[in-house]
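S.K.: Just so we're aligned: the sequence shown equals residues -20 to -1, 1 to 540 in mature numbering (1 follows the signal peptide of the UniProt record, and there is no 0).
DEER-style ranges, computed between Cβ atoms:
id: 1; residue 1: Leu332; residue 2: Gln490; range: 18 to 28 angstroms
id: 2; residue 1: Pro333; residue 2: Gln490; range: 20 to 30 angstroms
id: 3; residue 1: Ser330; residue 2: Glu225; range: 40 to 50 angstroms
id: 4; residue 1: Ser219; residue 2: Gly493; range: 45 to 55 angstroms
id: 5; residue 1: Arg209; residue 2: Gly241; range: 47 to 57 angstroms
Keep in mind that the hints were calculated from the coordinates and are not lab data.
Even glycine gets a Cβ: it sits at the ideal position worked out from N, Cα and C.
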Amino acid sequence: MLRKLLLSTLLLGASLLAQAAPQQPAIATAHPAATAAAQQMLDAGGNAFDAAVAASAALAVVEPYGSGLGGGGFFLLRTAGETPGYDFLDARERAPLEAKPDLYVRDGKVQRELSLNGALAAAIPGLPAALVELAEKHGRLPLKTSLAPAIRLANEGFAVDRVYRERATWRLAALRDDAESAKLFLDQGEIPAEGHLLRQADLAATLQALAEHGREGFYTGPIAERLVRGVRHAGGIWSEDDLREYRIARRAPLRFPLEDGRELISAPPPSAGGIALAQSLAILEQLPWRDAEPVQRVHYVVEALRRAYRDRGLLGDPDFIKNPVEQLLSPGHLAVLAGSIDPEQATPSSSLPPAGTWHEGDHTTHFAVLDAEGNAVAATLSINLPFGAAFTVPGTGVLLNDEMDDFAADVQGANAYGLAGSQANTIAGGKRPLSSMSPSFIESSDEFTAFGTPGGSRIPSMVLLSMLEYLDDKPIERWPAVARYHHQFMPDVIEHEPDTFSDEQVAELQRRGYELKRLDRQYGNQQVLFWDKVSGEVQAASDPRGIGSSAPETTSEGAE
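Build out the structure end to end from the sequences listed, making use of the hints.
M.R.: What follows is the structure, encoded as C-alpha cells:
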C-alpha cells in the first residue's frame, strides 16, 4: 500500500513539471462579499493564502450562522512549484482543559441541551490562529491588509439575505435566550427583514486587535480576558490557559491514489471525511458505477457510503489516539468492503460486522481559491449548528461555537447530526472533536480540482456526489448542482432532497430493501474549482442552492 502511494506521488510530481500556469485566478465562496474580499487581495498583489485570510474573515462577518472567530476549520493548501507541495492546517476547536467525559451528565443522564446552546457548549476557537498562520507563513500581505475588508463589513454592515433569515429561523429560540446574540442578530427579538443592515462594531474591534497584534490580539490580553470572563459568568469552563495554549496543528494531508493517474488529497483525522471519501471512491472503482442506470448507480454509491460511515467510529483526535488509517485504506480491507456489496439488494447496516474487524485478502461554510501561480486553498469552516451555541461574549462580538456536541458525550447515543458516539471520540481536556469537514483536491498531470461544502454529517456524501460528476466528465456547473442523497450507516435510511428521485425510482429502491426519507428542503452549499493544466483554463462554480459567487463566473447551463 505504502509503495503504491509513494509510486503514485512520484509519478504525479514528475508529470507536473510541464504544466501550464492558470490563465487567471479562480474563487468560489458562499457569499459575494467574501468572493470580493478574496479578489481584492489578489488584485493587491497577494496570493491564494492572502485571499483565503480575507475570505475567511469576511465570511465570519456576513455568515454568523456558518463560521466565525468563535469557531474553527480545516485548510487544505497547495503550494505551487515544479513539484507542488501540500499542507493541512487543523484549526479545529479544542475542548477546554477542565472538560471531562461526564461534562454533560446530570443525575446519571446526558443533558443534550448543554452541549448545544450556551457557554458550556463552546470549545476553544481555532480560526483566529489559522488566519495569523496563513498570513505569516504563507501570505505576502500584512494581516492588516487581508483583514481590512472584514473590518469594513463589520463596521459598515451588510444586508440580511434570504439565507440568513432561513438559518436564523432555525435557531430563533436559542438566539432569543442570549441577550447579546438577540441584540446583534435579531431585530427587536424577531428575524431581521431582508435588506436589514446588520452592523457588528464589537466584532470589528476584535478583528482590528487581531490585525494589529496577531494571535496575541485574540488569545491573550484584553480580548482573551473578556472571552474567559464572559464564558465563565455564563456557566462555561474556559480559562486563560485554554486560550494561551491553543495552537493550530499542521498535519500531513491524506493522499490516496485513484484510477487514471489521479490522486485524492483530502483532510486527515480528526476529520473522518477524507477517509470516507477515499474508501468510497476506492470501492466504486471496483464497481461499474459509470455504466449503471440511475437506480443502480444510487445503489452502488449508498452501499459504499454505508461501509465508509461504519468505519468512522474508529477515528478520533490523532494527538490522543492512534488512528488505523493504513488498515482502513489497505487494498485487502477495501476489496472486502466492495465484495460484500450485493449488486441488487440493500445490505442492512445491522448485518455488517463491527468496525475494526479487519479482513486482509450542518451551518458550516466552504470556499476555494486558486491564484495565477497555482497556489490553492480549499477551506471548510464551522461553528457547528447554525449560529453555533447562540452565545455571544459581551464586548467582543464573538459568537461561540457548539462544537463540543461533536464529541461523544454519550457513547451509546448520537449527536445533533445523528452520528453515533464512539470511545475514540469521548470528551477530554485539550482534545479536538471528530469532524466530517472534507476540503479536498483531486489532481493529475492534466487537471486540478477543489471540492468542499458545509453540511454536518452529510459533507462526505455531498463531496462524493460532486466528485463523481467530475469523474464522469460532467460540466463544472453540474458538480455543485447535482441532486443529493445521503446514507451514514446509522440510521439505516437514505435521506434525499425533495426532487432527487421520481416515484418510480423510489419504488425500485424500496423494492431493493431501502428505507427512504424525503427531506422538506435542499441542503449543502458546495464550492468548486477546476484548472486545466494543459491549456491553463480555469473555472469555478458555486452551489445554486445558496447565494455564493464564483470568479470567473460560470453559467448554470447543464445544471440540475
